[in-house]
Structure formats: structure tokens, C-alpha cells
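Q: With chain W held as given, fit chain H onto it using these hints.
2 protein chains.
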Amino acid sequence: MILGLFKLLYLYWLLSCGFLQEYKCITGKRIDFFHSTKPQPHQFTILVRSIPVSAGSSVSESVERFFMEYHPSTYLSHMVVHRSSKLQSLIKDAKKLYKRITHLQSEPNQPQYRHVGFFRHRVDLVDHYGKKLEDIEENMRLERSEVSLATQEVRAAFVSFKSRYGAAVAFHMKQSINPTEWVTELAPEPNDVYWPFFSSSFMRRWLSKIVVIVACILLTILFLIPVLVVQGLTNLNQLEIWFPFLKSILTITFVSQVITGYLPSLILQLFLKIVPPIMEFLSSIQGYICHSDIEKSACNKVLWFTIWNIFFATVSIFLDPKHIPAKLASAVPAQASFFIAYVVTSGWTSTSSELFRIIPLIWSLIRKPFTCCSDEEFEVPSIPYHRDIPRILFFGLLGITYFFLAPLILPFLLVYLCLAYIIYRNQFLNVYAPKYETAGKFWPIVHNSMIFSLILMQAIAIGLFTLKKLPLASTLIFPLPVLTLLFNEYCRKRFLPNFIAYPAEVLIKRDREDRYDPKMAEFYDNLVAAYQDPALLPIQFSANSDSLYSPLISAAQPYLI
Amino acid sequence: MILGLFKLLYLYWLLSCGFLQEYKCITGKRIDFFHSTKPQPHQFTILVRSIPVSAGSSVSESVERFFMEYHPSTYLSHMVVHRSSKLQSLIKDAKKLYKRITHLQSEPNQPQYRHVGFFRHRVDLVDHYGKKLEDIEENMRLERSEVSLATQEVRAAFVSFKSRYGAAVAFHMKQSINPTEWVTELAPEPNDVYWPFFSSSFMRRWLSKIVVIVACILLTILFLIPVLVVQGLTNLNQLEIWFPFLKSILTITFVSQVITGYLPSLILQLFLKIVPPIMEFLSSIQGYICHSDIEKSACNKVLWFTIWNIFFATVSIFLDPKHIPAKLASAVPAQASFFIAYVVTSGWTSTSSELFRIIPLIWSLIRKPFTCCSDEEFEVPSIPYHRDIPRILFFGLLGITYFFLAPLILPFLLVYLCLAYIIYRNQFLNVYAPKYETAGKFWPIVHNSMIFSLILMQAIAIGLFTLKKLPLASTLIFPLPVLTLLFNEYCRKRFLPNFIAYPAEVLIKRDREDRYDPKMAEFYDNLVAAYQDPALLPIQFSANSDSLYSPLISAAQPYLI
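In order, the protein sequences belong to chains W and H. According to full-length UniProt numbering, the first sequence is numbered sequentially starting from 1. According to full-length UniProt numbering, the second sequence is numbered sequentially starting from 1.
Next comes chain W alone, as it looks inside the complex (with noise of 0.2 Å):
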């Protein structure tokens, strides 16, 4: 039974080891699609942050100068952050008011006048908005040539250069003698771009960062109180102790079924529900440029809470680095029937909700008596990956884990996994629009997961070989780990330099196909102007107090004015 148990594993391993193979096919799909789009201007763009500026000359000279200097046959053009915050809040407030406005005109049988001010005089509402939007959007124009100026530089730029090469050159090469200036990063979409937080200097984003990486911990572990809560619910005698006097209810098998299967996880879920805009928010504030990168650094931090929380927290195991293995495998058996009917409660019925967006649905329901505009404009909603990934990826450590342990939780998760590849299947391809091209990026992130995964299954085993005193079994089990860690490895060395940017031959191979390219002349002019921000052109919403109609189409697309 133990030979054939050994079989299993090794054989297990090998067919993951397999599985994981697939790197090398995301890999080539990657390229492709590379070598499949159109020129895009952040494949021509670089970030450059921590600019050093000279007393005198202002962020955009410098930025200039040096590129003039360095690299003088492939720079294009610059574009230099600005502080815009204020802007962005005003211009806020100005479409919120925009809004209120074309509402009121649009259904006359509201009141369209209300009692203002001490004496009570009666004001005719669209009048009054009028008037309050004219103020703000010349705030907006005082606000926005205070931004153009010098003085609101942030110390930091997107390069544009001639080709694609160029710019990957200038990437890959440290710029400066102090390594801590002229810090270069790949551009990110120009739609993509996080413009609220550009925080630029070296330092400060450095200790932003560590302050983030302490605040994570910190939620991780704070977090360990509702989750105890939990696991007191799972057990009924604890909660006779605690509450006597629901004895009597607790006898009842239906009540004590629902309590000790159903309602632990559901209360786990709503806790957890919170913690991806957690995560997400930690890492917008850790100076990352982009949404993808914080969707992506959110993900991260998503799954390890969720591993470390539900799974480690569940099977209590704490600090004790000698035991770990053995502790898991007295621990990580016994919450067998308790990670079942997670997988139900919350795999299930999570991407059932999916398929609905039940809480999308009932936010609107809940908010559509109350908001002024029923006729808002639709916005097409992105799919937030750092939410989902995470919960798939559990799942698939759940399988991973317990599959020799508790085979009883396979069913249940085929059904969970085919479930949600064919709802995921249907709400990436008609529901959601993509916010930014991830091109694979987070790829990465399950493959490590996975290891994590079959690291833990290994040790599981060997701690249950050693538990059930079987020396050699443990001794035969050990190599996997080893062989484990050896194999990602190698798929770190062989693969991920790919996801991280692109090599050389494509990027000149993709350049040389456009040297000829009649459309590339505009693509340049264009680009100059990529990453512009949105907050600094132009945007008109009233275009004076009797036409209130016209400017409504520059308002449905403000930012492509």
C-alpha cells in the first residue's frame, strides 16, 4: 500500500511537473501575441524616475539634456508627470455636477427648484448648477496652467523612443553612476497608467514600500481573530460552552448541520470579501505606476493572506519551523470535511454569483432609487484578477494537498473547476472588457503557487510518513521537495526572463517589419502625445449656460478630446 502510494506521489509529481510545462506554451503565446499587435506607444516608452535637476533648469530640460546626451540616435520625445491631484479631484466634482445638470434637463417632471439659502428663495436648479460648474471648471483653468508649469514638475517622465530596441536598451542599462537616479522601468499602457499616485523620488518609494510589506503582515495576522472566531463556530461543544443557552436549538441535527458545515465558511467569505480592496489599496500606495502592476502586486498578496489565513490559520499551525511537517500532517487531515464544504460554499456558489454578479446587481438595485441619473452611462466592467486568481489558485492547493489525504474533495473540485472555466469562459468573452492588456503577466504567479502547493503536498507526506513511523518512507518521499524546488528553478531561468521583457531578437525582428510601414510616420506623432495626462487637456462641460446639450458627446469621451 505504501509502494503504491510512493507510485502515486512520484508520479503525481511527474504529471504536474508536466502540467506546469505549460510555461513553456504561455511563453510562445506571449511572443506571439508580441509580434501580433499593432505598435503600441508603450512599447516605444520607458518611466524614467529620480531625476536629478540642476538648480536652474527645470525637470524637462534635464530630461532632454541627458537623452540628447546618451542616447542620441534612438530618442524620440519626453512627457513629464505633473502634480495634478487637485485637478483630478476638481475635475471630478465638475462631472458629478455635469451629471446632476443634463439629469434635470432630461426629465422635466422633477422638481426643478428648491429652497436655497437663509431667506429661502426659491432657485432654479439647473441655473444654480450652471453657475457652480462655470466656477469650478474656472478653477480648473487656473488649476490646470498652475499645473503646466515648472514648478509642478514631478521628477519624473516617460522617455518615447524610435524603436522598440531603443527603448528596451535604455531599460535594461543602469543610466547613472548613482544607481538610485535616472531609474528606468518599462512604460505601461498609456490607459493603464495610475496618474494619483507619482511618487518619484528613490527614497521615498523604497520606504513606502516597506511600510506596505509591514502593513501586509500586520493585516495577516490581525486577520487571525475572525478566522479563530470560525474555527470556534466548526466546533458545536465550544459554542454550547460559550453560549449555554442555545443548547437546546443546538440539538436540532438540520441547525447543527447548518452551523458545523455552512456557516463557518459563509462568515470566512464575507471577512475575506474585504481584503482584495485591501490589497489592492496597499499596493496603489506602494509606488507602483500602473493598475496592472497593482492588480498584479495585489494578487500576490491576496493569495499568500489566503494561504497563510485560511489554510494555515484553519489547520493551526504556528511558528515552529523543526515540527512543521509532522504538525500539518496530524493537523491538515482532520479539516478535510471543513475545506469540503468550503469548496462548496465558496467555490460553488462564488461562481455562480459570478455568473450573475449578484453583488454588482444588488449594489445597483439598492442605489438606483437614490442616485439622481438613471440613465448614467454604462461603464463596462474589467475583471478584478487580484479577487479571482487568488480564489482559483486556493482551490487548486486544496486539490494539490489533499488529493491522497482526503480524495473525497476531487469530485467537488472538478465540478468547482469546470464550473468556473466554462462561467469564466462566458464572462471574459461577453461581459467583461479588459482594462489593459495583461499579455500573460500573471501567469508567473500561478506557477509559483503551484509549486508552493506540491512543495506543502510533499511535506504533508513526509509528515505523515514520520507520524505513522515509517522512516524509510519519509527518506524515500524526501528527493521530491528537492527535485520540486530543482524544477522551478529551472523554469525561473528558462522562462521567466521572458514575462519579465522582451529579448533582443524579437524586438528588433518586430522593429525591422515596421522600418517600411507607411502608418509609422503618424504612430510618432501620436506617441509624443501617448501619455499626456488625462487631467491637463482640455475638457469642456459647459459650453455656455443655453446650449447645455452640445458639449454632451465631448462628455461622453472626455478623455479623447
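Worth flagging that the hints you see were computed from the coordinates, not collected in a lab. Any given hint could be a false lead.
In silico lysine-lysine, DSS-like type, Cα no more than 30 Å apart, as pairs [what the hints assert, rightly or not]:
no. : chain 1 : residue 1 : chain 2 : residue 2
1   : W       : Lys509    : H       : Lys162
2   : H       : Lys435    : H       : Lys519
3   : H       : Lys493    : W       : Lys209
4   : W       : Lys493    : H       : Lys209
Fair warning: this is a prediction, and the values are worked out from it, not measured in the lab.
A: Quick look at chain H alone, frame taken from chain W:
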């Protein structure tokens, strides 16, 4: 008193970090050095390994095609590496024979004849060796023409560029879609290349690295055996139990003093003498391409070996991560007297013996009567960094960890450091000739070792306060290791990149300076052949048998033909 100790610890930390700002100074010196050197072949060259070869074409053709395709404006030339180990051993034999012949001819009072063969007929030795030498030379010629063939090409090549920046770009960019092909690294100086070991495949190098790491760990663990014996020797009672017949001798005060004080560290010393060569050997099979990298890697290995086997093993710390600080705090102070003796025996004597280079002296005295040629050309030795740097750093570690536990060690260390400064200064200026320019490459090792020492010291302080039941004190010390780690992280980001590769700014400036240098044409001509394998250069020892003296000049500098 506790408060005083705090201030002392924090002040010491500040001072240490201030001292480690030396990083900045050394970075500056490194850049200055780069600016002040003449154009060097290795600045314009990279080494490319794992070159993919399509069927029907040679490595040389592949390299030419690839770099003409992707780096047409900067590519200059290349030199494919050949398998020449057999040729190298032939050259070695030839040199030995040649030395013997010149020795015989220069000393006419030595026996010129010998009885050889079954019939013991007299043979003229010069004639005999001359014929042998001719045979070997004939073999060399055959072998050389064979090695030059495409079939003997290793899939590695030195690729030279027209500018330093061009070489750096090719080094920094991933070249191929498959990151395990066209692997680039900076070329070493031509005379620093380690020719014997040119493993070319990515997988083989990666596996040999893993094997070497495992071997190092094994060596470190197995080495504990002699250390434990030495530890037994430091304890007189233990010795009396083991060897009861020594009881009478051990009661003599002088003998017991010698045994407890000096003998243990002397024995340890003898064992430690063999470690640097072993580590150097292990590093050499790890796939490094130059002596400097091998020595750097060996330096690291020897350093961690020393710290583990002398410091940790002597204070008897074994794997129990939870109680390390407490264990350290109880064990480290107890070993103060051992380490004071260690400083005296190992430190003082090693520097003094360094001055007279006692071991090479004794070795040459022993060897002299047995070697045939006394007027052997004398090679100026180079300093074995991997032997001396770890030793000095270990004394630094002792000084930092014991400065508040047993300050008595400090004057001994001070004497050692003064001695070492004077002696090594003299050795560097007057005795050793550098085999290669380090350009400050060893500094990061020094920095890391200092940071480790600081953290170790702070861990011991925390452990000590915990042992003495002063939880507040240990809490107040707690920020120190965190601050030290942050400081290290800062240095790593701020200074380390300049030790890996020079930034674009520096390279481009240097390239521009050279642009109008009339000597550059000649330099480029030499660059093409700079990385020729010395074994493939024509060397001739015996012009013809009757004029054996004539090639003496060429033999003295056989590499320069």
C-alpha cells in the same frame, strides 16, 4: 549600566554604518579607475555561451550570423573557444622536457649519460630528451591542427564590439527567446581567462553549480569532526579521560597551559590551511570563466566556512532556530579566552609568517635538492585573496561580536590589524604582482561580512538581555538588527549595481574620449586576437637538435610569439 550599554550599542551601530559608507568611496575609486585605464580588450568584449548551432554550420558561422543580424553597427569580431585540454597537457610536458634539457646543458658537471633499456646501453641524455621533445612537438602540431577544426569548437565565443557601450548593451539585453541560449557575460581580462574549464551548455553548468553547492555543504559539515577533536583538547579533564597515561604530564603547569592555550588553535590552523585550496578547486569546477571569479567565489565559500566552523561550531550552536540568540548569548562569552588565544596564534603568527612567506620558503628549501633546474625562471607570486580576505574578515567578526562581551580581545585585535596593515601594504607594494585587476570587486564581500557581524552581535545582545531577564532591554535593542538590514538593503540598491557593471553614462563618456584617439585602430587590430587560446599559439622549443640554445628567448616568453 544597561542604559550605557544601549547608548554604546546604538553609537557603535551608527559608527559601523558610517564606516560602511566606505562603499561610496570605493565605488568612486572604481569609476575613477575605469576612467583612468587605457582601452582594455575586456571592456570591449563579452563572452557568449550556449550558442545554438544549426545543422551544417559551425559555431563560428552561427556567431557571425547572429551578431551581424542583431548588432550590425557595433559588432567587431569574435573568437570561438576550442577544446584544448589535451594540447595544454602536451605543452606542459614539452616545457618540462625543455627545462630539463637547458638545465643539463647549462651544468656540464652533471652526468650527461644514463643507461637505458633492457640492454642498458649508454645514451646521451641531451640527445635523448631532445628526441622526446621533438616527438611531443610533432604531437602538438598534429593536435593543434585538429583542435583548430570546427569539430573541436566549444559552443562558447568571445565576441568583441567597436565600443564599450555596444558590448554592455549586448551583455545587459537577453538576446534570444530562449534565455538559456546566447547567454552573455562580461569578458575577463585576456590573461585572467581560466582556459581548462569551458563547459558550455546551460544545463551542465547549472547542474555542476548545484553539485558544488552540495559538496560545499558536505565539506562544512564533515569538517566539524576535527573541530570537535580540537574542542576536546581545550578541555584538560576530557583529555585525561581519553588518554589516562598523559595524566602525569598534564599536571605540569607549562604543558597544560600550552595544551589549553595554543595547541587547539594550532591544530585547527593546520586543518584550515587546506580549506582555501579545496574551495578554490570547487569554485573552479563550478563553471566560472576566469581566475578572478573563481577566487571571488572561493573567498565567499571560505568566509562562510570559517564563520560556521570556527565561530558557530566552537560556541556549539546547532540548528534550533528559535533559541539561537539565547544560545549564542550563553555560549559566546564562554569562548572569549579561546578566541583571544586564536587571535594571538592564528592572527599574529599568520601575518608574521606572511611577511617572511614561511611556507613557500620552507617548500622551496625542501624542493631545491630534488629539482633538476635551480635557475628555473622565477614567477612573481600573486596574492591568494580567497585565503587572506576571509581571515581578516573573521577577525573583524570577532572584534564586532566581542566588543561588549569581552573587550579584552580588542587590544589583541588592534595589534593584529596594525600588523596586518603594515605587512600587507608591504607585500602588495614589494612582493606580490597582481594576476588581474580586481577593480574593487571584492568589496561587496567585505560589506556583507560586516553586516552579518553586526547582526550577529545584535542577536547576541538580545539573547543576553533575555537571559538576564531584561525584556525591556531586549525590546529596545530589537530595532537595531532591522535598521542594519534596511541599511544593507539601501547599500545594495545604491552601490552594488556599479560593482556588477558600469553604467551607460560612464561607458559612453569613455567611448567618446577614445573616438579621436589615433591609437584605437591599432587597438582594434589587437582586439581581434586578444582572446586567442594560448595553447593554440605556435610555440617552438627545439628549433633543430644542433642549435638547442637558439629558442631560449622564445621559451622564456612562449606566450608572446
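Q: The structure should be examined with respect to each hint, and the outcome stated for every one.
A: Do the hints match the structure? See the list:
A C-alpha spacing of about 22 Å is found between lysine 509 of chain W and lysine 162 of chain H, which places the hinted pair at or below 30 Å, so the restraint holds. At most 30 Å may separate the alpha-carbon atoms for a hinted pair to count; lysine 435 of chain H and lysine 519 of chain H meet this at roughly 25 Å. Of the pairs offered as hints, the one joining lysine 493 of chain H and lysine 209 of chain W holds, with about 14 Å between alpha carbons and a cut-off of 30 Å not exceeded. Our distance criterion of 30 Å between C-alpha atoms is met by lysine 493 of chain W and lysine 209 of chain H, whose separation comes to about 14 Å.
Against the hints set out earlier in the document, no violation occurs for any number.
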